[in-house]
Every structure is written in structure tokens, then in C-alpha cells.
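Whenever a hint applies, use it, and build me the whole structure from the sequences.
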Amino acid sequence: MARVLVVDDEPGIRSFLAGALETEGHEVDEAASGEAALRLAQQRAYPVVVTDLKMPGMGGDKLAEKLREAFPDTEILVLTAHGTVESAVAAMKLGVFDYLEKPLSGPDELRLLVARALERHHLRARREAGSRDDVPRLSYGGAAMDALEVALRKVAPTEATVLLLGESGTGKEVAARTLHASSRRAAGPFVAVNCAALSESLLESELFGHEKGAFTGALARRRGRIELADGGTFFLDEVGELRPALQSKLLRVLQERRFERVGGNQTVECDVRFVAATNRDLGAMVKLGTFREDLYYRLAVFPLHLPPLRERRAEIWPLAQALLARIAAEIGRPHLSLGPSARQVLERAEWPGNVRELRNALERAAILAGGNTLEADHLAQEPPKPATTEPATAPRSMADIEREAIVRALDRHAGNRRKAAEELGIGVRTLYEKLGRYGLG
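Be aware that the sequence shown starts at 1, since it is given in the working numbering, and climbs by one per residue.
Treat the hints with care, since some could be wrong.
[Claimed, not checked] Cut-off 30 Å, straight-line C-alpha distance, at most; resulting in silico cross-link-like pairs (DSS-like, lysine-lysine): (1) Lys62 with Lys212; (2) Lys212 with Lys54; (3) Lys102 with Lys54; (4) Lys102 with Lys66; (5) Lys434 with Lys287; (6) Lys249 with Lys212; (7) Lys66 with Lys54; (8) Lys249 with Lys287; (9) Lys212 with Lys102; (10) Lys434 with Lys249; (11) Lys102 with Lys62.
[Claimed, not checked] If you anchor each label on the Cβ, the simulated ranges turn out as follows: (12) Ala300 with Arg408: 31 to 39 Å; (13) Glu363 with Leu104: 27 to 35 Å; (14) Gln43 with Ala329: 16 to 24 Å.
It should be emphasised that the hints constitute simulated quantities derived from the structure, not laboratory data. On a predicted model such as this, the values are computed, not experimentally measured, just so you know. Where is the CB? At the ideal position from N, CA and C, for every residue including glycine.
Set out below in C-alpha cells:
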């Protein structure tokens, strides 16, 4: 997640764009003019700026030019009204990452382009750093991870497809990045896609790309993420959420390393190493007929299980210290530390959300702590439960229990649906269905 600046002179559009990105966990600032946006950019760093093209005063094209000069690492997306695509194309010559035509077909289109812009921003930063120091560590000395680290070292130099299994928040993407950084493809791109984050039609276009005119809004040919990963590693997160039609298409890519873009008939060949991850039981899904058996065996050439944090007790303390150091640097409080009472709480907790939950707890504690030492009372796992007039022995339906679990997960993550879904161990689409069913939309 990242800090994004949204620039538009129309308050309604600005609010829509900001809301669409905030539900993804991004921190969004808003500006009503190019001049205001430039002032904000001089005060805070923005990896991505989304700006309208036509605005009173400084337009989006001029803003893009000034941002390019002052902040060359910032990725810029421009919004253009129907019929002014030529202006957007002209803006792209200034180094704009991409453009969106208004009115948007929906928030997914915006989220997708912002994700791709962030990916390019991070990739450039890694290349400029000239090292792999930014790859997060997978283990902090726990015996439970020793076998996993040995297995990763052995499989990394090969071309074998790896399937990472484990609960949400155990570090599957960290393992995938570690695998890539230790492979012969380390100099190539690492490209990831979350199969649960997009609708089936958008996911197909995102994976394979599309030709101009393939569907409404396809104004130009666009390369898919598999194609962008050529020469590197392609990471399929939450692969268990793939629908049957896309399972068939992915199987062909794994078998033949070739595919066609959506709406096209030209075959594209790709030199890609595949890594997949899921928190679901794919073997059980095969028996139920919801996941293709042949695809399962193609993905599970080299399966690896990441144990939950509750089975890695020896790692919790050094991991918490490392996470807190990163949080402290992010919020500008470099002297934050963990007190002795905090250690007892951290090492005894069950952490159903694993490393992700641990990080959230530490970040929340850092905000609550008045001083530089985080103690046990700053690490309360849940807010106090509200009083209820129901008798303690009142029977509760499974629907009531499920609804309450969803509400609590959303509360813990400040309404962020993606993080809530990850904690609950379900896909984002499934969570949206349940929100509608329980009237929580």
C-alpha cells in the first residue's frame, strides 16, 4: 500500500477516486487544482499521482511536466474525458505512466493501473539501489523455518514451478521474492498478481493483455503481466480463487509457455518462471471439482508449506523488533522500542493473522504509545467489547457468528476489505458477497 495524490477540480470525482483507492489500503491526499497538487508534492513524497487532464489554471499536462522535472520517480496517471484521448497521448510523451478515459467503467480499472504504476515505481527503486537489500527477510532464526529455507535454496536455481501453501499472513509473497532474488532470473522482473482482487474479465486482461478494441475501453494494445514478466518470475497469489475458464487458459501457459492476448489471434511466447500461492486446500478443491486436477499438478511441482506464526514462537521476538524498526522509520520515530511486558504478550498470543497481524498490532501500538517504549497495554489485541442485553446462554446461528466475525475483522482493519478478507481466510469477492448478504455493504 502507498501514499497517492488525487487531483481533480470536481469534488464528486475526487471523492470517488479517493474512496476507490482507500478501500485498497492506500493513503490518499486530495488536491482541487494543479497548483495545490504541486504544493503538496513539495511537502510529501508520492509514488503515484492521479490527475485530471483538463482543469482551470494549471492543467494535468503542465502538472505532469513539473512533477517530472522535480520528482522523476513519481508515476503519473492522467484522466481524460471522452474525445480528448489525443491530449492524453500527448501527455504520455512527457513520461506519464498511463491514462484513463472518463467516465470510468468502475473502480477496478483505477485500482489496477495504480497497482501497476506502484509496481514500476518499486522496480525502478530496486534497480537504482543496485542491490537486493530491499528483499524482506523470510526467517529470524526459528527452527520451524530451517527446513523451508533449505528447500528454497535448493529449488531457487532450478526452473521448477513452486507452490507456496500456508495461512494468510505467513509470508508467502516474501518467500516468492526470496526465491526470485536467489534464482538465475534475479536480474529480470518479479511480477505479481492477486487472483482474488479482480473480476474474472479484468483478471483475464491483466494476465494475458488485450488488443485494441477487444472490449469497451480497450483503446490500445496492452501487454499482460505474464508478458511483462518475460525473463523473470511471475507470482500468482491466491491462485485458488481462479475461475474454471481461467484455470484452463493458465494450464496452457504452464504447459506451452505461450498464449494469445484477449481479442487477438497472435501467439505470444514467454520465458517465465511461475510461483503460485494459496491459503486454500487445493487437493480438497480438486476432489470437489472446483479446481482442475491437471492444473494442480502443474503448479505443485515443488510444494512448500509456510508454518503459521504460532508454530514459530522463537521468531516472534526478533521479528517484532525488526518490524517495529521499519514502522518507526516510516512514521519518523526512530527511537521506538519494545518493553519487557510487551515481549510476554507478543510471545503468548496466537496471531491468527500471522505476520500481517503482528505488524498491524505493532503499528497500532506505536500510534497509541506516548513515549518511545511499547508495553503490554499498548498491544491490546481487540478493543473492549460493547455491552449486550442478550443473555449469555442465548443460542446463536452460524450466520450470526459469521456476521460478527466479519464485522470484527473490518473493525480491526479500519474498514479495509482486502485485509479483512485475508484475516478471515476468504477471497475478496467472497467477502463482498457476504457483506451484501448480511446488509453490511
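Verification of the supplied hints:
no. : hint                           : verdict
1   : Lys62 with Lys212              : holds, 28 Å
2   : Lys212 with Lys54              : holds, 25 Å
3   : Lys102 with Lys54              : holds, 12 Å
4   : Lys102 with Lys66              : holds, 23 Å
5   : Lys434 with Lys287             : holds, 25 Å
6   : Lys249 with Lys212             : holds, 20 Å
7   : Lys66 with Lys54               : holds, 16 Å
8   : Lys249 with Lys287             : holds, 20 Å
9   : Lys212 with Lys102             : holds, 18 Å
10  : Lys434 with Lys249             : holds, 29 Å
11  : Lys102 with Lys62              : holds, 19 Å
12  : Ala300 with Arg408: 31 to 39 Å : holds, 34 Å
13  : Glu363 with Leu104: 27 to 35 Å : holds, 31 Å
14  : Gln43 with Ala329: 16 to 24 Å  : holds, 19 Å
Hint compliance for this structure: no hint is broken.
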